[in-house]
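Sequences listed follow chains A and B, in order. Sequential numbering from 1 applies to the first sequence in the working numbering. Sequential numbering from 1 applies to the second sequence in the working numbering.
Simulated from the structure, these hints should not be mistaken for lab results. All figures in this text were calculated on a predicted structure; none of them were measured in a lab. Heads up, the beta-carbon is just placed ideally off N, CA and C, and yes, glycines get one too. Some clues are possibly wrong.
Stated by the list, open to error - Just the calculated beta-carbon pair ranges, DEER-fashion:
(1) A/PRO764 to B/ASP77: 26 to 36 angstroms
(2) A/PRO138 to B/ALA166: 46 to 56 angstroms
(3) A/ALA42 to B/ALA226: 30 to 40 angstroms
(4) B/GLY255 to A/VAL777: 35 to 45 angstroms
To be verified - One side of the interface only, derived from the structure: several residues of chain A facing chain B at Cβ under 10 angstroms:
(5) GLY257
(6) GLY459
(7) ALA460
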Amino acid sequence: MSSPTDISSPAELSPAGAEEAQGAEPFGLGGSALRNDALPKALGIYPYAADLWAEGLLWGAVLRSPHPHARIVAIDTTPALALPGVHAVVTAADLPLGPEGIPDGAPSGPIVADRPILASGVVRHHGEPVAAVAADHPDTARLAAASIRVEYELLEVVTDPEQSFNVPPLHPEGNLFRHLPLRTGDPEAVGEIIVEGLYQVGRQDPAPLGAEAGLAVPRPDGGVELHLSSTDPHGDRDRTAACLGLEPDRVRLVVTGVPGATTDREDLSFQVTLALLALRTGRPVKMTLTREESFHAHTSRHPALLRYRHHADAEGRLVKVEAQILLDGGAYADVSAEALAAAAAFSVGPYVCPNVFVDAWAVRTNNPPAGRMRGEGALQTCFAYESQLDQLAAQLGVDPLEIRRRNAMATGDPMPTGQAVTCPAPVAALLDAIADSPLPALPLDDPEADWLLPGGPGGAGDPAAVRRGIGYALGMVHMLGAEGEDEVSTATVRVSGDHATVICAAVDSGQGFATLARQIVQSVLGVSEVYIAPVDSDQSAAGPSARGRHTWVSGGAVERAALMVRHQLLQPIAANFGMSVELLTIADGKISSYDGVLGMPVSEALEGKELWATAQCRPHPTEPLDESGQGDAFVSIAFCAMRAVVDVDIELGAVRVVDVTVAQDVGRALNPRQIEDRIEAAVAQSIGLALLEDLRTEGGRILNPSLTGYRLPTALDTPDVRIAALLEERDVVATFGAKAVSAVPAVVAPAAVAAAVRAATGLPVGRLPILPEDATVG
Amino acid sequence: MLPASLDEAVEALAATPGAVPVAGATDLMEAVNAGRLRPAALIGLGRITELRGWRYEDGGTAVLGAGLTHARMDRPDFAALIPALADAARTAGPPQIRNVGTLGGNIATAAPAGDTLPVLTVLEATATLARAGGTREVPISHLLTGLDPLRPGELLTWVRVPLLHAPQVFLKATGRSGPARASASVALVLDPARRAVRCAVGAVAPVPLRPLEAEAWVAGCIDWDARGEEGAALIDPAAAAAFGEYVAGACIPDGALDGPEGAGALAARLRRTVSVLARRALGRALK
């Protein structure tokens with residue numbers, strides 16, 4: 001199924017199975033190299049940001065708004081300043097003034113600069129930072145922050161996104177982050193069969209196991225050095241500098257160990273406040289958020305309300321899809337406009353439909369702000385369109401797999417945005433792979449022996465009330481920034497003696513980029529010792545760790561730099577033998593010529609040399625979606641098919657996911673083990689969204705900001721994840737032909753679980769997470 | 001303070017008003033860290049080894065140390081003795097919690113969803129409260145309801161559980177497979193000597209509830225003489241189902257169903273859950 005036709009890089013020539021033959025550590029691309037940080041993390045010696053220390057440091061603490069919407073009438077910081085040990089108290093008044101010469105909290109944001117660092121005048125969500133303190137002990141800092149007197153005048157709280165259209169603006173920028181109409185085909189088209197549905201997705205929190213932490217150190221030049229687990233060091237540096245009124249080169253961001261990130265890792269308010277406290281006191285300041293604060297500080301997934309109407313002909317082929325999609329962006333814009341583009345563009349899913357009429361809105365409310373999170377936008381619509389396809393199958397009396405086969409998209413088919421899918425779209429092959437995969441056995445003969453019932457071991461499960469259901473889902477998500485975003489990354493590769501160093505500001509947020517970079521250099525240069533330099537913002541920019549972009553853009557930059565070094569290495573040897581560089585290959589740590597005359601170990605050729613090169617990678621440009629949602633907005637798209645098997649205790653509504661089988665379009669498997677890890681992680685996270693995770697709010701207040709109240713999946717909630725197939729149909733324009741792997745399984749899993757619960761219970765299942773009351777029959 | 005013996009502990013408690021005894025600290029330190037609790041002093045009970053074990057007394061009673069951990073209660077020797085308490089301990093949380101969380105702590109915290117509480121209630125266990133110069137015995141249910149609460153200077157030391165040597169069951173509904181707080185739980189024991197069924201419902205009210213009328217009614221529906229016979233049906237399935245409804249109706253009164261829309265639906269759902277749990281618990285006990 002793989003067709004290596006794209007780039008004839010030396011990587012292609014390195015046999016993938018060579019390392020197994022040698023019985024050594026996996027080497028190069030295609031091998032299952034172990035993650036660099038796997039052992040330190042397992043052994044507990046991996047340094048996280050919370051472990052940072054500097055001589056004479058102060059501790060920071062933040063005062064947050066207890067109200068979701070209120071006017072700040074007055075702030076009295078004197079009680080805090082009167083406490084012994086308090087060195088500084090800052091509020092919005094300490095940040096650079098706004099354009100009108102009045103404090104505005106230095107608003108910032110990835111798309112619209114609407115989110116103040118410290119609230120100025122108005123607080124718009126529960127937990128919004130209002131003031132911050134630096135003191136010589138963390139308890140003193142917290143007590144001081146709590147002693148600050150803030151007088152609030154409560155304002156009407158808008159929590160229903162549907163209300164957002166009809167209320168006065170909650171912010172000078174208005175309540176509508178974006179309205180994206182998508183229109184293609186004939187609006188009058190009508191199908192023989194019409195199915196309608198209303199779907200709801202709750203608020204999932206990234207709930208990173210390591211809460212936010214960082215250290216700011218003032219610099220003699222008036223700048224500041226920030227040690228943070230940032231996943232976008234240059235973006236964070238630029239925004240921090242802008243909020244502080246400094247030149248970007250006065251802020252240096254040093255990336256510490258990242259304790260896993262499936263979203264933007266740090267919120268800007270945290271780091272700017274930290275930097276401000278350090279600048280104000282002239283001393284290093286450290287801040288670690290409590291778990292409760294962490295839930296308030298970072299952005300969550302967009303809750304969504306989706307209304308769908310599918311028209312199909314008598315055979316179940318889609319005729320028209322109409323949809324209204326509403327994303328609750330919370331109090332600030334963040335990346336809502338981007339998430340909305342994905343929601344609208346992928347509103348039909350990996351299916352062909354000639355007539356599509358969608359209206360999508362992202363709006364402001366007084367709920368916690370929503371932001372980036374694996375497959376933002378695409379996940380919410382996947383649940384809706386897959387639920388619709390199941391309804392259609394049920395109405396027609398057709399197998400759910402068959403209805404998907406009849407409509408499946410293939411390479412070259414148009415999306416509703418008018419963009420043709422030029423990358424491989426092996427949707428039908430993915431479906432076949434999961435359909436052919438064997439089902440887990442139902443332990444009928446000995447029901448209680450090995451059967452982990454819903455409710456868990458020692459739980460209340462009763463085999464007589466347990467029903468098994470099987471559900472299928474397909475989904476898609478784009479990679480890289482969309483709609484004209486300039487995607488670029490820079491990397492430097494240096495070879496000195498027998499080892500190589502990669503300098504690239506792409507943060508390994510858990511996606512495994514450091515491991516991949518090592519494999520790339522090993523493949524291109526035949527060097528086994530590859531060191532990945534720590535990341536800081538003095539290096540050239542590589543962009544954020546998001547949207548599966550680093551394999552492509554930063555992997556591409558590393559490959560190019562390594563190829564340039566390779567050329568420098570081989571040129572003199574080739575000249576010596578009177579042949580061109582192209583006739584030499586590097587494999588198994590040896591340089592050999594096409595005719596076998598030359599067989600020189602790489603280490604010998606490198607002896608005493610230091611070679612280095614810097615290169616950039618910039619994929620082809622995209623364009624914004626126009627006023628009817630049309631345009632070539634995406635660089636490439638990844639697809640995934642999934643089958644979920646669930647057991648439901650239909651009397652108690654307890655659901656256990658027994659098995660998830662995945663077939664994924666990966667382009668090329670650069671590290672099969674890491675791909676499987678990423679798929680498992682995505683499935684686990686999405687099973688959390690499907691069954692457990694919901695950051696609940698009442699009147700805008702977060703009700704469960706703790707890991708007791710916010711239920712994350714444990715090993716017992718997480719099923720066996722089996723990989724039916726990793727389809728390697730190379731994407732000719734992508735680096736190594738590989739596609740991003742982390743987001744698309746997260747997009748599809750909730751839909752698959754919902755389909756399986758539907759099959760088990762016969763209930764409609766229109767909202768996520770699926771609570772016991774949604775899975776109780778009768 | 002880290003007293004090495006029970007006597008030292010009660011003396012320390014008497015000497016330091018406002019001091020809080022702490023064992024596993026799974027609830028207490030969470031409250032301290034969150035700033036909800038600022039105890040004047042802590043008295044660590046970890047070094048009082050005698051409280052960490054259990055023993056028999058008079059052949060018919062097990063005396064359990066307040067420092068018995070959930071993990072210890074889950075072990076087979078203990079499970080053979082008081083199976084329902086072992087079941088409750090096993091499902092009380094993740095291993096990290098069960099390794100340090102104690103029986104005494106569960107009683108002292110008296111959280112509505114405390115898993116051991118309905119079991120202790122249904123077993124009609126009593127607590128020994130020690131103070132400087134003396135001890136007294138209080139039924140667990142009196143302690144929990146506040147009928148006879150822990151007084152200043154008193155330390156919960158032992159829990160006396162009458163042994164029944166008959167089937168006993170603890171079931172909890174959580175809606176997930178991993179460890180979780182119960183949305184409702186049911187403890188049910190048979191007392192064949194008295195031909196009685198005892199049942200307690202946890203997590204639906206501030207304290208475990210005993211549906212006494214339902215207990216008495218269902219005891220009359222059971223064919224006690226057929227116990228031990230191979231394959232004998234001890235109760236009509238319809239009676240078991242009715243028992244479930246009876247228990248649920250007693251624990252979640254009709255008034256709750258007429259609450260505001262959301263609350264009423266929640267109560268109806270809780271009633272259904274309790275009914276299913278009670279029916280299943282009886283079924284398992286009579287199997």
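The hints, checked one at a time:
1. A/PRO764 to B/ASP77: 26 to 36 angstroms: With a Cβ separation near 49 angstroms, A/PRO764 and B/ASP77 fall outside 26 to 36 angstroms, so the hint is violated.
2. A/PRO138 to B/ALA166: 46 to 56 angstroms: Given about 54 angstroms between the Cβ atoms, the range holds.
3. A/ALA42 to B/ALA226: 30 to 40 angstroms: 56 angstroms, violated
4. B/GLY255 to A/VAL777: 35 to 45 angstroms: 27 angstroms, violated
5. GLY257: 23 angstroms, violated
6. GLY459: 7 angstroms, holds
7. ALA460: 4 angstroms, holds
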